[in-house]
Structure formats: structure tokens, C-alpha cells
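So the chains spell out like this:
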Amino acid sequence: MVILLMAGMHLINAQPSKFSTILYGVAYYHEYMPYERLDKDVQMMQEAGLSVVRLGESTWSLFEPEEGRFEFAWMDRIIDRMHKAGIKVILGTPTYSIPAWLALKHPEMFVERLNGTKSSYGIRQNFDITNPTYLFYAERIIRKMMEHYAKHPAIIGYQVDNETGTYGAANYDFFRGFIDYLKKKYKTTDTLNKLWGLNYWGMTLNDWDEFPSGQNATNPSYKLEWDMYGQKVVADYLTWQAEIVTEYKRPEQFITHCFMPSLTTLDQLAASRKLDMPSLNVYHGSQNNVRGEDVMWADDFYRSVKRNNHLITETNAQTTGWDSKGQYPPFDGQGRLFVYSHIAGGANMVEYWHWHSIHYGQETFWKGVLGHDLEPNRFYNEVSQVAHELQKLGPKLVNLKIKSRAAILYSRASDFGLSYMPFTERNAYMEVLRQMHRAAYRQNISIDFVLAENADFTGYDLLMVPPLYVASDALLKKISDFVNGGGHVIMSVKSGFCDENSVVRHIKAPGPLREACGFYYQEFSSASSLSLKDDPFKVGQDKNSARSWIEFIIPETAKPLAVYDDPFFSRFPAVTENRFGKGSLVYEGCLVSDEIQSEIVTRKAREIGLINKDNHIVYPVVVRQGINDQGKTIRYYLNYSDKDVSVVYNSIKGSDLFSNKALKKGDTITLKPWDVTIVEE
Amino acid sequence: MVILLMAGMHLINAQPSKFSTILYGVAYYHEYMPYERLDKDVQMMQEAGLSVVRLGESTWSLFEPEEGRFEFAWMDRIIDRMHKAGIKVILGTPTYSIPAWLALKHPEMFVERLNGTKSSYGIRQNFDITNPTYLFYAERIIRKMMEHYAKHPAIIGYQVDNETGTYGAANYDFFRGFIDYLKKKYKTTDTLNKLWGLNYWGMTLNDWDEFPSGQNATNPSYKLEWDMYGQKVVADYLTWQAEIVTEYKRPEQFITHCFMPSLTTLDQLAASRKLDMPSLNVYHGSQNNVRGEDVMWADDFYRSVKRNNHLITETNAQTTGWDSKGQYPPFDGQGRLFVYSHIAGGANMVEYWHWHSIHYGQETFWKGVLGHDLEPNRFYNEVSQVAHELQKLGPKLVNLKIKSRAAILYSRASDFGLSYMPFTERNAYMEVLRQMHRAAYRQNISIDFVLAENADFTGYDLLMVPPLYVASDALLKKISDFVNGGGHVIMSVKSGFCDENSVVRHIKAPGPLREACGFYYQEFSSASSLSLKDDPFKVGQDKNSARSWIEFIIPETAKPLAVYDDPFFSRFPAVTENRFGKGSLVYEGCLVSDEIQSEIVTRKAREIGLINKDNHIVYPVVVRQGINDQGKTIRYYLNYSDKDVSVVYNSIKGSDLFSNKALKKGDTITLKPWDVTIVEE
Amino acid sequence: MVILLMAGMHLINAQPSKFSTILYGVAYYHEYMPYERLDKDVQMMQEAGLSVVRLGESTWSLFEPEEGRFEFAWMDRIIDRMHKAGIKVILGTPTYSIPAWLALKHPEMFVERLNGTKSSYGIRQNFDITNPTYLFYAERIIRKMMEHYAKHPAIIGYQVDNETGTYGAANYDFFRGFIDYLKKKYKTTDTLNKLWGLNYWGMTLNDWDEFPSGQNATNPSYKLEWDMYGQKVVADYLTWQAEIVTEYKRPEQFITHCFMPSLTTLDQLAASRKLDMPSLNVYHGSQNNVRGEDVMWADDFYRSVKRNNHLITETNAQTTGWDSKGQYPPFDGQGRLFVYSHIAGGANMVEYWHWHSIHYGQETFWKGVLGHDLEPNRFYNEVSQVAHELQKLGPKLVNLKIKSRAAILYSRASDFGLSYMPFTERNAYMEVLRQMHRAAYRQNISIDFVLAENADFTGYDLLMVPPLYVASDALLKKISDFVNGGGHVIMSVKSGFCDENSVVRHIKAPGPLREACGFYYQEFSSASSLSLKDDPFKVGQDKNSARSWIEFIIPETAKPLAVYDDPFFSRFPAVTENRFGKGSLVYEGCLVSDEIQSEIVTRKAREIGLINKDNHIVYPVVVRQGINDQGKTIRYYLNYSDKDVSVVYNSIKGSDLFSNKALKKGDTITLKPWDVTIVEE
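Protein chains in written order, with the numbering used here: chain A, 4 to 684; chain B, 4 to 684; chain C, 4 to 684.
Derived from the structure by calculation, the hints contain no laboratory data.
There may be inaccurate statements among the hints.
In this list, chains with the same sequence are indistinguishable; a pair is considered to hold if it fits within one copy or across any two.
Cut-off 25 Å, straight-line C-alpha distance, at most; resulting in silico cross-link-like pairs (SDA-like, lysine to any residue) [as the list claims (entries may be wrong)]:
id	residue 1	residue 2
1	Lys121	Ala530
2	Lys121	Thr221
3	Lys511	Gln49
4	Lys121	Phe177
5	Lys404	Pro379
6	Lys121	Trp229
7	Lys154	Glu142
8	Lys536	Arg606
9	Lys511	Pro379
10	Lys226	Leu198
11	Lys197	Val45
12	Lys328	Lys546
13	Lys675	Gly288
14	Lys277	Arg143
15	Lys108	Phe177
16	Lys309	Asn447
17	Lys395	Gln628
18	Lys536	Asp645
Note that this is a predicted model, so its numbers are computed, not measured.
Next comes chain A alone, as it looks inside the complex (with noise of 0.2 Å):
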């Protein structure tokens, strides 16, 4: 208990996105117990050795029963409890559930989709987030709740709704809204006419009122500022919500949002504007199907947005789903090894969803870290054991800062445009962001995120490139000005063919990039699947293989890698790469296996070298790295495998943070399965 109240005295800083260690914690619900337990529970988080809750989000109807009357107390007994035992509180605003009374008294906040279907009562988000109905209401009970809990020197954050989007709203408002945004952006109609080229079909606009509705649109350029209005909507009404906190929290307390893994819900460089930094919400596979890259890319991507540590407000406890079809808890140990990776991608936080499994309602499967019992378990044990750790280590590893020397650019106007015009049979824009990032990941590269709306490539040696299909001549110029001045960069195929509008550029494909590139197309072509000639990668047979997409590269100055095995393909190469200025361009002119995706960064790694040759960790042993609040470097390895392995220590001394034990280089590091040593030099 000492250490504890200690460490929670000193949580926070001066500056709210720094903390003093690392926070461990859940969402908790009481108001879902089935019975009174609040001592109990708390009992229970002390003896594991939590240190944060996360409350609130989802009580709208019990702090507003009925319409103007407001209920605390029942709060304030739960976050005083927590205050007692030292348990710090992240509070959330509770606007992504609406109460019944709202819903019966204004049913047309619900939201309607373009296909004409409404949503009702009976599920959370279900309503148009413009409503300006909704909005006063939402606005009333978060002043509300801010003036009434902001003060409570438990506090130490505040969460801005729950995993916000548009969910689908069409309603006239929303529409109105696009409408007034595409004047501001357009001036005329004659405008969209040009741009989108409304010619089409016949299809031209002679004044706003003309403008049709998306139901039925089919055309690419209305449809991406229809999603782009989307991410904008839903960025601004997290900047509103914050906004409003701030007028009332405290300096030191920090504002955050949780977001998704599903990169196209909002516009997450837009949506932080205001916040201190974000929260990511990210479930990843159970025992065989434990593999880390499916949540260490999320990490990665996160901790870029506002380039500093990030939370974890939601992760697996015991298992998952809205129904019981996939119930798949934890093999021992892979808790753990979940959260120490998350830490050692940037999180300084890392919370459950959720402290206990609900008895009620759609999640009831979706279990928490007790199970329908409420007893002590396996999980709860292991998360017990992680719990004491970090009450021994968590100053020594939070506030990591993580130096990428490679960076994946994300281009979601890219992602959303190439969704219209898909060239595999799902958009294959995240599989091959996914397969660049796997490829470097395996490699322990590490990787940090660029997004488009705001591409900076200042200090990186490389960066990888998936589908750009969208994008702007400023920021193919970029790319290639990057190059010029001696970055590297691989690419994947459609770049560089539409413009902002997703409009095609009527010059020869990959249009500004050619120069940079080193080659033009006129052709492509969809395929199932070509080999690559005499093995270039050397993948072995079943792996060489180009697949979905052959663009019929004619060579200027590039150089092929690779050429296709086929009489008709055989032409034209499937893999270039072109020196131009100081740096190179890997260009993939089809899509290639993930083995040779690997083959590809690896070899471009090593000539420009992120990595060495000797003693090179790979996959399934995850190595990553970075410099704490002391200056040192902290560095993990999380074993991703059911074996136990070794792998040699490589670098100055150090000594294992676990068993104080001094390794030098040379030394053997041995892990069990799913194991984790983490190492300070």
C-alpha cells in the first residue's frame, strides 16, 4: 500500500502527458454489478495492484435520469473509494449512449443511413453526433459533470466520448452540413462540374440545389469528400467536447479519446488537435493466434500522431466477442507479454476491458479480468504478477522515447479512394500497409507513422509507400524531393494515379512521380497469380509469387529486380528500383508475397543500414527500444512463440530489470514461451 500511494502522489507532472510511471488499471463498471461489491472490488484491484480506473463513459441516464435532474453521489462514492485506496480515476464524458428519455423526446437525432434504413433505441451510437439537439443536451451534462467532478484530486484525466464516428448518419442535417462545407471548399457548383467531372452521365450541377444526395452517388470524387466530411464531422466534435473540459479541468489533468485500430473512423491528426494525447482501444488474438504485429503496428501508429506516449485504454482481459463463438482466453503469460509490448511501443498506460464480465446485455461474453463469478482466477493472477512489476519498474519505463529511422506513409484519401475502386476483392490499401509494417516489425526495425495531411519525412532513411492511389502533385513532390535529397523509399503499385479528387491523371502513370521512379505505364493488368523469374528474392518456390495487380512498367532510368515468368508478362519487370539524386526508389509494380515484401525492406534495410549483420534478432523474438526519463536505454525482448528461445545480447552492459542480474555483450538472453526480459543498459 505504501508504494502505492506513493507512486500515485506522484503520477503526474506539471506537463499532463507526462507521468511518473506506468499506469496499470481497467474499466470499471459498477453501476453493472449484480450486486453491492464496491468495497470488495476495490480490495481486490488493491491486493493486484492496480493503479487506475477508468469510469463513467457509458452512465449518461444515471447521472441524467430524467431530463434536467442530475445524480452524482452515486459517482462520488465509487471515486472516493478509489481515491482512498489510491486508485487514480480517468473519467469519461458519457455522451456515446444516449438515456431512453432523450431518445423518446427526440427521436430525430437517430441516425439515418444513405440506404435509407434509420437506427432506434436499444444500442449506443445511434444518433447523428450534429444534432444540434443531441449537442445541447451532451453540452449541458458534460458542464455538468466537469463542474461537479473536476476538483476531485482523484482525477487525473478525462476521456472525450467512446470510440467516435459518424456511425453512417445521412440525416437531412448532416447533409445540409456537407453542403455548406462543399460551398466554403468549391464556391460553385461549376467547380465540382470541372473537378469531378460531372460531365459524366450527364451529370451536371447548375446550382446547389441541384446537389444529390450519396445514396445512390457513384461518382469517386463525391465520394471521398463525402468520407472526408465524415472524418472532418467527427474530429470537430471531439475538439468541441475537449474543449469544454478544458474550461473546467485542472492543469495538470490531461484530455485523451480512444481510438480505433480502423484508421478510416476519423481523421486522427484533426481529432487531437485539442487532445493531450490519445488512447487506443486495440484487441488482438489468443493463444495460437498470438503474434504481436497486430497490435504493435497500432502502437506504432498511434504513438505518431502527436509524435509522444500514448494509452492503451482498452485490451483483452480473458477473451472477446459479442456472442460465444470465439472465447479464446489467454495461454499463461501472453497477458503479460501483451503489456509489455504495448509499453514498449510508446503506451504509458495500459487498462482492461474491463474489470469484471457483465451478466447483462450484448457483451456479456466480452469478459473482463474477473470472470461472471467474481472470484480470483488464472487471469487475475497473472495480472497481479504484472501489477507488482510495475510498481518496481514502471518509473524506469515510462515516458519512452522511441527514435524511427523508417516510416510508413498513411494516405487516407489513398485508403478511401482505392475502396471505390478496389483491385482485389477487399481494398487491399491496409494489406499492404500491414505487410510493410509486418515486414519491418519481424525485422525489429522500427517504424513510425506519417500521415499524409501533414508528411514530414524530416529524419527518416526510409520510408515505405503502400497504394498511394490518391494524392496531391505537393505531396508526390515531397516523396520525390525526399529521394532527391538521399532518402530511400518502397513503393507499391496505383501510386501517384489520381489526383487529390481521385480524379486519373491524364499524363503517363505514375505521373509526378516518374522522374523519381525512373519509369512510365500505360498498362496493367488484374492477375491471380505470376511467378517472379529464376527466384529473384529467393523465397522459394511457393512464395514467389507477384499476385492481383501487373502494371506494365517500360523502364527510363530504373532498373528491374525482378521480371515475371510468363510469355505475355515477361516484358515488362515486376520489381525496379531507381537511383535518383542521392537516394533510391524501390518500386513494386504488382502485389508481392509477404516473403518477399520481407526480402525486399530487408535487403534495403541492411544496404542502408538500420540493421546489422551480425547477430541479428528476428521474429518471433521482438526487440524494441528507447531512451527513458533518466536517459537510459530500456530495451525489451518479448518472446512471440510457444518454444523457449535464446538470443544473444549484443549491445554495452546492461542489467535484466526482472533479476537484477548484469548482462554483458555476448551473453545469452534465454526466454520462455511468450516470456519477456527487459534490459536497461
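With the hints as your guide, set chains B and C onto chain A.
Coordinates of chains B and C only, in the frame set by chain A:
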């Protein structure tokens, strides 16, 4: 003719549900004939030897061609002609398909579904059966018909409505009825808030006007009540019809309704309150897809509803299907085999759907005894053979009393509850129920069903329990008491998990069953397939598999019968047996293969003397038996295979009712493909 | 240039449907170009040697940018420029895509579908073509255009509307039109009650106001009339447009419409009443998916509609697709192969869709002759080669008269009728039709189509009949008479089963065909797959299969050609042949494999002298022939393979039109992959 008329005269006793012989016939739709052929049809029926027809259930528009104008002459003529031929009539109330004039005048009675779509004219069973306007017109036509027909000597009974359900109605008045039902049951929404856990996602209700429509309902307790209300509505509707009919009918006439094998359409017990016996519309595979179990379980179920004999109102004639993709006329003998199977299962009547194949409409390819050419054919000839056999044997076969020592518990609440939170791709409830029945059926163990609403295990030695996911403490106590008192139980996964509101119990699973089961568990896992160590049921490598669901059983007093062959899961037993009081409980902590289920049932049945070791006959020869009105044991040997088979006769002296040959213990009974032997002891 | 202009001057004769040379060109959408390049485009067309463009069918919003304001100057400029270059113009009425101002003002014209959903703006072909408001505006723009353009010397013909259908309209006025049509045809609902069997499910109608919408219609007769009414509506609409255009056009100008291969979109005969010839929009597989049969059957069909030559208004340029999942640019030579295939099939024009690849909108990846870079490319070069060949050879190839001795009967009523009562997963009607065509096509047997609405078998020796499920007595008698008079028929399952209302005949099947077929049947069965005993067609074990449907044929005068290899089904023949009168009828009582169909067709064709035994050329070399304007036989040898092939020239002396070399009987013709030789005898 003489025989027929004599049989006809004695067909019905003072007790409406007690018959003097087996009835055998068809549904007959003279009104669908492309030309006048009443005489021809009746003559063909007489020549075949049929004794009963079902008439009138689809004819509202003919009885009442315009609002308030009633015409019966067309039907009088048909019934008179039947009477003249000694063919008995079951008359249907014509309420399941409304006339066009009624649809035109009152479109508000069309079903509006939860998803917002509406039904319209052109199909049957498309209206809200709680709509008062519908009920007004339906009552009038029933009364008019009954006034006109109740005295007709040919009529032996009535069928009220036809395969009734709610048809997915969620109309405004239907929904208001639901709320009235909730108010009566729960009084206040506060009770709902508590019992259903409406704090979850902040969906607490202040009052009934806030009670939301089910369109987007996610709460399992809500869904269960909604579905249970549907069950009640249908039962009340059929009771209402039966009460009207009772006002007019002669005492010896019976009332029935034709149920379907789909058990969640309505509450069979409640719907039968005012029925003399249930009828069953049941269809089966044909040709190489004949197995008997598809209909036998339904015979067993509906015989159990009122613990008396039941009727078959519809079963396959030549072929079935709403298109012609699945036309499978039976091989020679298969039709006859099913008739005797139903009788062996307790049926007092077998009627085909239907006499002739229709030339128009949706069911053109749901063929009758006659094909579209309306001439004798292969199937007609087989029907004729059976009819003449039944003319002779009917009085010995009718009113069979079947005594079973084993039963299967049917819990519709569990069937529903699991469907909201399925643990397999499709709800596994019926899958396990059918698997348990199959295991017994193939061992020729006679099975009754016990319905959870009315659970009484008196007289049974063995109770099989499919996943009893939703159950009150009282029901669980009955099971526990049954074991304690000397009963034997075989029980599947998830039993005892939720209370009667589909709310998970907040104690260790299996809750109140823990003592009887002799174990507890805190965790469970989905699983594709796992082998059991050392093939404990000796079913061979391919069949030795658990799948879908693994409960992490911690035995207390139970003994493992099988453990998983897996590094992680081997710490938990897969199947346990617990001696509790004077009885035993075998628990399956996973779904098991058919072969393992069979072995579990067979071992227990042998242990408790349900089957003998010697000369035990198993599937594909199905043996069924009962006591007839004369107190004699009637035993059926049904060959469910396309091969000649021989079995040893193993009972006291008897005679083969077809050949009249005497049989003594040790004699051989030889059966041709799809053949039947009936022995009277 | 000189050649082109001369050709242009003589392009059209006094007869609008008689051309002086083959036309070769593109659909051209200058209005979609991202920048001004009319001169550049026309220059590139001229250099390539193109002779025709199609203009204007998607341009209502440009011709009438605001209600009542008409602008033609922008198009005048294009047509004038074409004229200057000697390129002929086909002008489309722009009515298939309405302007935004019209959509805004009259949303009532948007399609409302049977399922209740509505269309809206953003896509073409989204309105009810019977809506009078739409017709008012459509008529006005057509008249304005015709007034303005009819005299322009460049215009050789008009296309009315574009790929017209009902688009699923079931709007109120459309439905009232349907009732008016029924009233006219059937007079009273009593007639419907009787003919459609509305007693079924008690759906009898007292009067027309009770006639229900088709939303939930289940009655096959209802569905058939609904679909037939749709066919009529489209035909009436195109006739109405053609009549308006006729008021203005010059006598030598033709009128056409572009039909699609989907035969149930409209009634091709009725729709062509006022057309000079049909045009065809037909697309085909590419690369390794080139087979020729995909387009050849459509050429054969549309050539048969008016028994004259037809046009190709659209076919693949580089690639097709509404996304980029199926981009398959042709291998070298494939484009050229298809041009000569169409001409060999009777086409007088081949136009690509389209000149340039569009940078905006839904069809971005439906690429034209030019790619998005608008520069010459591989496909443009191949087009140029063909164009220059046609400049030389066109006058010899045009107006080819093709005489076929074999025909396939197309019954749209059967195609529809089977779709309501399918016997395979997808409606098998077109599958069998295409299989029969394929069998003949691959044997180089020339095929016409005969449409059931206008059945005349005069001049044919062999008639192939796909499942003739719906047919009047009169049509069946024509077939019977054809056989009796010496014709030969190959007929598939279900023929003769239903009358013209899709009502099953109430006599033994195949009804009125019984005598010609020489058998009857009472039963039928679905079946997955059955072998035929002793491989009677010598197709090898894998191919020796019947499937899907088995009719229990009882031969009377017919002789079995094959029986099933099955214990039960062997009592019925699978394929029979009946000599009847002077002819014969081969009946397939099941669906057969492609190879068996081929063998059945080939044997009969050989028997009646449609193919010779010696030097018979078969697929992949396709041989097609006809008589040109000079009375010379023109014979095409089309190599549908990626290999060099040689065939023996087997006719009277001729010359190779490409090389001008003389050919005599016995000479070898060698064809490179995808190559063509044309011989003039």
C-alpha cells in the same frame, strides 16, 4: 366398400382423442382442380382405400367471396360426396390466408417486421394475428362455418388455423400488447432495469413510455421476453379459435392444430390447452437421404406434448419444394416405411399433403399422391397397398401406448437464449438435442420429451439435457433432485449458466448444478477440434473429437471419463461422471462427435438396464413398441436401409401381422430394403 | 486520306440498313475530356483509319443545361470536325440519363422497386420510362435535337436511348399500366382466377381494385405477366422514340438501338419494329479467357432478330469493369480477332466503347482505345492495323448474307417461367441454350435463332430446343409439325410442361409433344450426377454424366440412346430418339455434360449432312462463311488459341484477302495465335 363403411362407422369413440382404427388419407383441394372431377377423385380414393380427408383450411375467399356474403354449397357438395363414400372429414378453419377483399380494405393488418419492412398480398400468413380487425373477420367466418358444418356426420374433427406463428409481426398493436404483457409481469420499469441490467450502456428506463421497440434491441433478456411473448400470442390465438369451435362442435368431434417440427414457432404446451391432440406436419428426406430420425424425433416430441397419441396431418407424398431444385420421389417402399414409422411413433393418422399436384402457384412442385396428370402412378399404387393393409390391421395398431424410460428435456428458453449468444456458427441447441435423440434412436431406446415449462421427470430412469443455458433455480433443483433420488442424467455444455432471464449467474458455473455435477468452472474456450486422450470411447481416430466449446472443468467429486489430448487443455476433463445421491450425472464439457455421444448414451443405458446385451438390434433396423387397445404388445421392425437385413426375434411368442406367421424367440425376421414387419406378441 | 473520304462518301446506300463498307470506330465523349483536344483526337482517329463515331447519348444535361434552354453549339463543333475528317456520326438520343435539374424538379420519376426501395440521383437509368413527365421532357429534347441535327451530312444514323430496360420500376403509374394491360387482355378478374388458379391459397379476386401489387407475388402466372409487361413497356418506349426520330430523319439515315446480351431485358422483336437493324453492346473475356463463343452466340442472335445484318455499338477496347478488380487488356492480336469474328457473324460495324479512358466517375477503369494518358499505345496500334485492313477489304466483307440450316429456339416465356421455379441453383435455361450453341459453334455449324414469339422453322433442317417449359399448344404443334414434315429436333428437359400462362398441363408430360417425342413421363427427380451406362456417347468417364434433373421416361415409340447407370434410375432412358413422320426428335431427359451435348449435336448434324466427314475443321479454329454483295462466298478462319495451327483448305479455288495469295483445295492455311485468314472463293 363394405369394410370401409364399417370402419368409418366406428371410427370415433366417445373420447375425441381415441380412435377405433388408424386413419389414412390426404389433404384434398377440389377447389384447385383444373376441371370438375370430384366423382373421379373420390372413386380413386375409395379404390386406394383411403379413410380420411382434410378440407378447407385455405378457402376463406371461397366461403366468403365478398365481405359478408357466405357460400357453403360448393363445400357441402364435397363433404356430402365424401360422406357417401365413407370417407371421414377433418375441416379446417380457413383463417391462415385472408381474402383479397379483406387485404384491400384493411392493409393495416399486414405484418410489419422489426426491420421495418411490411408484408403485402400475394402470400399466406402475412398478417398480424393480434390485429382486432383481423380477429373480427376471422371469428365471423369461423362461426359461420361451424354453424353450417358442425352437424355434418362426415366431420370427425376440426383443425384450427394452419402452421400458425407470429410471422414476424412487430406492428404497433402487437408491440403495445407486448408492453401490456411486460407491465403485468414486471409491474415497473425499475424491475426491468434491475432484472435485465439496463444500466448497461446507460439504457435505464424511467417509465413504460420509454420502453423501446425491439428493432435494435441488443439485450438478451429483452429478446427472450419478446420471443416468449410471441409464443404466448400464438398459443392464445389457437386457444381462442379452439374455444369458438368448441361452442358448436359435437362432443365426439376433436380439435387439433397442425404443428411444425420447428419448435420455437410457438409454445406447444400452451397452444394445446384446448386441443384434443396435436397434429404434426413433418417432411423427410427421400431416396438415399432416408434415415427415419428426421421424423421420429418429431413423433416422439408431439406424442409427449399431451402424453397421448398424435396425428400426422402432412407428410411427403411424391416430392416437396417451393421450386423444382429438390425433387426426390421416394424409392419403392420408402413411402410405406414412413407410414408405419409414424404409427410406431404413436400417430393415429397419416395424411399426405396432398391428394393432387397443383398446376398453379407457389407449390406446383410440392407434389401430391397424384401427379399433374391426375392419373394413377407408382406412388398411388404404394398408398393403395398400405391403405388396404391398414383396413385390416388398423384396429390393432391404433391408440398405441408407448412407455419410455428415457427422456430428453426441451428448454425453449435455452433454445432462444443461445440463439442470441451462439457459441457455434448456427445455434447448437437443436443440434445437440437431435444428436442425443439420434444416439438413443439408433440404439432403439424409446424416448419421450419433457418440456421445461412443465418439467416432471417421474417415471424416467434417464434424462438427457441439451445445453440448458437458460433455466430457473427451480428447474435446476428438479434436475438435481432427480439425480439425488436415483435418476441418471447426461448433460451438455452451458447448462445452468443463465437464470430464467438469460442473465448469467454471478456464482461459479454451473451454478446450482454444481453439487450434482461435482465440479465447477471459471473459464471456457472456443475450439475448432480437439482429440480426446487415448480414445476413451473407442470410436476410432476420426470420430474421437471434441469441438466448438471447452469448459475448464475443475472436478470436486466428479470423475473424468475423458481428457483432452492437448498441451494446454489436458489439465481439464472433457467428460465427467458424478455419483450424487442415488443417481449419476454424466457431463459433457464440450460438444462431442455423434459417435462419442452414442457411446456415452449406450454405456449409461446398458448400465441402468435400458438395453440388453444379447441380440440387441440397432439401426438401420429400428425397433419400436407399445401396447394396443387390447393390451397386446405391438412391435415394429423397420428397415431403414436399401439392403436385405435379418434380425433375431427376441421376445415372447408372437405373430407377424402381415403374414400371420407365428414367431418364437430365436426366430429370424428378414426384411427387404425399406421393409417393415409388425409383430403382435 | 483520299481513300477514307471516298469510302465515307459512299458509306450509305438508299437502304439505311445496307452499307457500302464495314464501319469501324468508337464511342466518343469529347465532353468528358480533361482538356480541349478535339483536333488532336480527330487527327489520331484519322491516322488510325477509323470511319465512324457514336456521339451524344449521355449528354442531356449539356444539350439542355437548364429547363427549356437548349445548347447545340458545343456538339455542332464536334460533328463538323468529324465531317471535315470524313468520319461518320451516329447520334444518340440522350434520354437514358436525366439532368440534375429534372431530377430535382420531378423526383416522382425515380424508379420505385417491388421491394419498396427507391432510386435517386447519381446514377443513370434510374427512372420509370412510363412516367409521363419523363416522357414529356424526353420527347422535347429528342425533337429539339432532331430539328437541329437531322440535316447534318455527317450523320448516318441514330441510336434511340441506350441499353433500355424497365430498371426494375414498379411505380404507381407503372403498376396502373400493368393493370390496364391485364384488363385489355383478360377483361375480368374471373378470367384471371381461372387461368392463374387464384383459388390457390384463397387468393381469388372479385374485381380489379383487389389486384395486388407484385411485391410479394408468388403466383408464377402473375410473375410471367409482370415480366412480359416489362418487355412490352420497353419495346413500346423504343418504338415511340423511333417514331419521333423518323419524323425528322433523312430517308437514308438509319435508326438503331444498342441491345445487351441479357435476353430478358426486353423483347428484341417488338423493340425492333421501327428499327432498321439492332445494335449490340457485347463484351468478352480476354487474355487466357478468350473463347469466341461468348460473343458469337450474341452475333447469331441479333443477326436473327430482323434476319439482316447488325451493328456492334460497344465492345471491349483495353479493359472493362466498374472497379479495377478485373482489368485484363488483350494479348496481341486478340482485339483484331474479335473484330473479324463479329464481321463473320454478320456485323456491318464494330465500335469500341470507347475512344478514351475516363478520368472521373464510375467507369474510370472501363478503358478505351486510348488510356488515361491519351497517347498512342499498344491497343491503338492494333486498332490502326485493323482499320487500314478494313479500308481495303470492307466493301468485300460488308452485308454478309449468312445461311444457316440449323436454328435454336429462344422462348423468353420459358426463360422467365423457369426462373420462378428453377431446377438448378441458377436458372438453367440460358445454360442449356448456350451449351447447344457451343456444341454447334465448335463444330462450325452455322446457327440462327428463332424467337418463339415469331416461330417459323421454314428452311431449317435442325432445330435445337432448350427447356421449353412455357409454351402454347400452337407452338408445340409447330414443332411437332416440323418433325412430321422432315425436320430434326434436339430437345432438352421440361419442354411442353406448362402452357403459355406457366400453368402445368394436366395431362401426362410432355403434353402435346408426346407423339413427336414418342414417350410420356409422370415423375421426375432432382439428381446431383449420374453416369450413363456403357458411356454411350464415348466421351470418357469424367464427361459421361447426366445431372440436375431426371425425367422418368416411359418410351412408347421412342428408342433409348442412353440409360442411367443406377439401381433405381436404370429403368428409364436418359436420352431417346423418336422417328416421327419424316423427321426425328432426340430428347434429353436430363441435363448432359458439354461433351455429351456436343456428341448428340454432332451425330445428328453428320447424319443429316450438316457437316462432312472429311477434313472437318473444329474449334479452336472457327470457320464462318457467307455471301457478299458481289455474290462471292467469304470464308473466315479464326484461330481461337494461343498456338500456331494449320488447317486444310477444303473448298473451291479462292484467294486469301490479306495476302492476295491463291488457294486451292488441299492447300494448308496456317494461322498464328489469335490470327485470322479470310478467303474469298
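- Does the structure break any of the earlier hints, and which numbers would those be? Hints 1, 5 not satisfied by this model.
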